[in-house]
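A.B. asks: Here are the chains, one letter per residue:
There are 2 protein chains.
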Amino acid sequence: MDTALAFPAGEDQLCCAPSERPAIDAAHATSAAQVLKAFADPNRIRLLSIVKAGDGGEACVCDLTEPLDLGQPTVSHHLKILVDAGLLKREKRGTWAYYSVVPGALERAAALITNL
Amino acid sequence: MDTALAFPAGEDQLCCAPSERPAIDAAHATSAAQVLKAFADPNRIRLLSIVKAGDGGEACVCDLTEPLDLGQPTVSHHLKILVDAGLLKREKRGTWAYYSVVPGALERAAALITNL
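Each protein sequence line maps, in turn, to chains W and U. Just so we're aligned, residue 1 is where the first sequence starts under UniProt numbering, counting upward by one. Just so we're aligned, residue 1 is where the second sequence starts under UniProt numbering, counting upward by one.
Hints may be right or wrong, so weigh each one.
Here are some, though not all, of the chain W residues that point toward chain U, as calculated from beta-carbon distances under 7 Å [stated by the list, open to error]:
| # | residue |
| --- | --- |
| 1 | Ala29 |
| 2 | Val35 |
| 3 | Gly104 |
| 4 | Ala105 |
| 5 | Leu106 |
| 6 | Thr114 |
Hint data in this document are derived by calculation from the structure and do not stem from the laboratory. All figures in this text were calculated on a predicted structure; none of them were measured in a lab. Ideal Cβ placement from N, Cα and C applies to all residues, glycine included.
With these hints in hand, go ahead and build the complete structure from the sequences.
C.D. replies: What follows is the structure, given as structure tokens:
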């Protein structure tokens, strides 16, 4: 089949023959792992879930410490990892910071797994 | 609405109102993080991808060491984590072990993220 020649390696192929899809390269694997590492901790999973379930899809940082039974510096540390991974958005309003899930971010992270 | 009373907390609700879906509890967050931790390393991401792209959806352990440029004990360590997480299946045939992706495992792992 000359379709293999028509698609250079690395090009996204919507193909049903898994053995013709090239394996992910080192650079893409590193960036995928950087995002997926954000999900490797139960407290970060709970933070994402609490924010997503919050009124209007957001949660005040003042409401995130108590349900996790963690200190404020630890919660801030985990929130920073989630923001740096592009999963949460932080917005300061008055005294408090409010967090929301970046639209589409969870779906894009999940696609890193299903598109392996 | 009395639907809130009809569904105990934790019951899976196919609902389009995110603020009515309860946040994940600690036990579920811990088990989700255990699976997703397997994706937190670029070498494991590459191993999964190479196995998935292999002929017949499997790869001999003898073909997994060279592309990653890692020693055999390190590759075995990562493969064990992937097997323990329920993502890869190991089958011994003759001299070599062959690895394949557990059917549906990547989709289930991705759903842990999209269903948060």
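A.B. asks: Take the hints in turn and mark each one as holding or not.
C.D. replies: Cross-check of the supplied hints:
1. Ala29: 4 Å, holds
2. Val35: It is violated, given that the least Cβ distance between Val35 (chain W) and chain U is near 9 Å, above 7 Å.
3. Gly104: 11 Å, violated
4. Ala105: The hint is violated - Ala105 (chain W) has no Cβ within 7 Å of chain U, the shortest such distance being about 10 Å.
5. Leu106: Leu106 (chain W) check passes; min Cβ-Cβ to chain U is 5 Å, inside 7 Å.
6. Thr114: Interface hint status for Thr114 (chain W): holds (5 Å vs cutoff 7 Å).
Of the numbered hints listed earlier, those contradicted by the structure are 2, 3 and 4.
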